[in-house]
Amino acid sequence: MHITKELIHHLAKLALLELTSEEEKRYASELDSLIGYFEKLQEVDTSHVQPTYHVVPLRNVLRPDEAKKTFGITDLMSVVPLHEEGAIKVPKIIDIE
Amino acid sequence: MNLYDFTIEELSQKLSRKEISSEELTRVCLKRIHETQKQLNTFITITEEAALETAKRVDKIRLKGEKLSPLAGIPIALKDIFLTKGIRTTCASRILDNFIPPYDCTVYEKLKENDTVLLGKLNQDEFAMGSSNENSHFGSSRNPWDLERTPGGSSGASAASVAARQCMGSFGTDTGGSIRQPASMCGVVGIKPSYGRVSRYGIIAFASSLDQVGPFGKSVKDVAYLLKAVAGYDAKDSTSVPVPVPDYISCLKKDVKGLKIGIPKEYFIQGLQKSVEHAVQGAIDVIKKLGADIKEISLPHTQYAIPTYYLVATAEASSNLARYDGVKYGYRAKADTLKDMYQKTRGEGFGTEVKRRIMLGTFVLSSGYYDAYYKKASQVRTLIKKDFDDAFKTCDLIVTPTAPTTAFKLGEKMDDPLQMYLSDLFTISTNLAGLPGLVLPCGFDEKNLPIGLQILGPHFKEERMFQLGYAYEQATEWHKRTYPV
Chain G
1 MHITKELIHH LAKLALLELT SEEEKRYASE LDSLIGYFEK LQEVDTSHVQ PTYHVVPLRN
61 VLRPDEAKKT FGITDLMSVV PLHEEGAIKV PKIIDIE
Chain Y
1001 MNLYDFTIEE LSQKLSRKEI SSEELTRVCL KRIHETQKQL NTFITITEEA ALETAKRVDK
1061 IRLKGEKLSP LAGIPIALKD IFLTKGIRTT CASRILDNFI PPYDCTVYEK LKENDTVLLG
1121 KLNQDEFAMG SSNENSHFGS SRNPWDLERT PGGSSGASAA SVAARQCMGS FGTDTGGSIR
1181 QPASMCGVVG IKPSYGRVSR YGIIAFASSL DQVGPFGKSV KDVAYLLKAV AGYDAKDSTS
1241 VPVPVPDYIS CLKKDVKGLK IGIPKEYFIQ GLQKSVEHAV QGAIDVIKKL GADIKEISLP
1301 HTQYAIPTYY LVATAEASSN LARYDGVKYG YRAKADTLKD MYQKTRGEGF GTEVKRRIML
1361 GTFVLSSGYY DAYYKKASQV RTLIKKDFDD AFKTCDLIVT PTAPTTAFKL GEKMDDPLQM
1421 YLSDLFTIST NLAGLPGLVL PCGFDEKNLP IGLQILGPHF KEERMFQLGY AYEQATEWHK
1481 RTYPV
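Here the protein sequences come in this chain order: G and Y. Residue numbers are given in this note's numbering: position 45 of the first sequence equals residue 45, and the series is strictly consecutive. Position in the second sequence (first residue = 1) + 1000 = this note's numbering.
Misleading hints may appear alongside valid ones.
[To be verified] The calculated lysine-lysine pairs, modelled on DSSO-like cross-linking and capped at a C-alpha distance of 27 angstroms, are: (1) G:Lys89 / Y:Lys1328; (2) G:Lys13 / Y:Lys1339; (3) Y:Lys1344 / G:Lys13; (4) Y:Lys1289 / G:Lys25; (5) Y:Lys1253 / Y:Lys1409; (6) G:Lys5 / Y:Lys1344; (7) Y:Lys1288 / G:Lys92; (8) Y:Lys1386 / G:Lys69; (9) G:Lys25 / Y:Lys1413; (10) Y:Lys1447 / Y:Lys1274; (11) Y:Lys1447 / Y:Lys1409; (12) Y:Lys1386 / G:Lys40; (13) G:Lys89 / Y:Lys1334; (14) G:Lys25 / Y:Lys1334; (15) G:Lys40 / Y:Lys1413; (16) Y:Lys1344 / G:Lys25.
[Claimed, not checked] Negatives, chain Y to chain G, calculated, CB over 12 angstroms: (17) Gly1065; (18) Gly1282; (19) Arg1356; (20) Leu1410; (21) Asp1415.
Hints listed in this document are in silico derivations from the structure and should not be mistaken for laboratory results. Predicted, not measured: the structure shown is a model, and the values here were computed from it. Just so you know, even glycine gets a beta-carbon here, dropped at the ideal spot from N, CA and C.
Let the sequences and hints guide you as you build the complete structure.
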């Protein structure tokens, strides 16, 4: 598995990260070396092994479906970078012709 | 002896007997912070006014004769990954540079209930990604034992701050060794509790199946007091396990005669620094003299721990860090379209190591690679966990070195990410298996740099680790040595 600059460009798009061309080149070389080392895992026979995603024996931890008051709007809006009349303001999403 | 050299237990007794006031103690710590902050760069935010206010309030309550917690009036500090309402919380990242959380994490709520005094928020590797505290938007922290060296990471400053006597205890997080490795490198005691032992509610997430919160202190007993205050089930954390919290303090004086200690042969490898090996062997000899039974064991999948961890943790991180988009909080870049805003915000807001790990995680989870990398790593994780489960059938505890070397120089491992990752070899498996790990001082190398002993236990058996740790500590003098001021 060879990590190319093009693959890095694709991954950066997926992860919504803007990278400079210099960064793309550097990350390609670094990830190539890292993935190369991680290929080691292919040595391990995992043919009958279940994956572990989570180490405690808890499943479907739920609470009763009751409405609760947690935070006030003022508290939450206090951290918003740009807002107007109680709504979060962001750059244009839709282009209307 | 300076006031800041006493343990939490000793200070708590002095406060109870009204020999000192919390205000006095807090002022001593603040003075120490101001004297050493420039050299160590441990604090991102110092909450001086609020600290003195709390200290005075606790002093008043104590004068009324009311019964207080053993931690009441004790000055502590928190890694800047813990959300503290109204107090800037940055996670050492530009993307949260001016973030003021609208709520407290459960751990801080519990510490407030115990009337502890918060001195401030501590430096760290950005988003807990690193092993040296060098990946910080606010500059590296330094090791008090040698200012040219790192304090370890990612909770580097949390360890350094205790070692430097700026605070009497602190809290950090451990995802792959980020409490234990800095504890080792700074010569203090640190514990990563079992996964599910301490609430993660309000802790900025790195890898949700690996992250755990834990304390640092000058002694095993201090760490036991700090853990007791924050451990326990929290309904707000769906990975919090409802098991009772033992009284860790009463477990400390227990005899270790007959305790079965496993020493995994895979942890004594060629890359291990000679002085580290020597110190750990010395510690094993002491433990044997105390009456424990030592036996060699094998954890055969140890060599696969690093690739497993870096595939699983980065995958989880890429998902957890998707929320930082400039919309609802944090840094927002200037842009004309929404997509540009996301890309620029994240490109400019995240540091190099964070972006590296996000891309690695994105790769590992992406279509066409998921099975070969993420699923494969998750399967090997099962085998790593099984190694420990099997070992604990015949052992009560496992003892190992904490890191392959003592504190390395600033900049030494920054050019090669893999070199940095390999330094996590002895701590990483613990997180994959969800087990607890305690680290305490067991020696020094020829440059007077600290070496930590790691004690690992089965799930939810922290009291057994404290039992051995305390017995070893009381039989040795390492914890009494402080760094050259």
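Mind listing which of the numbered hints don't hold for this structure, in increasing order?
4, 5, 7, 8, 19, 21
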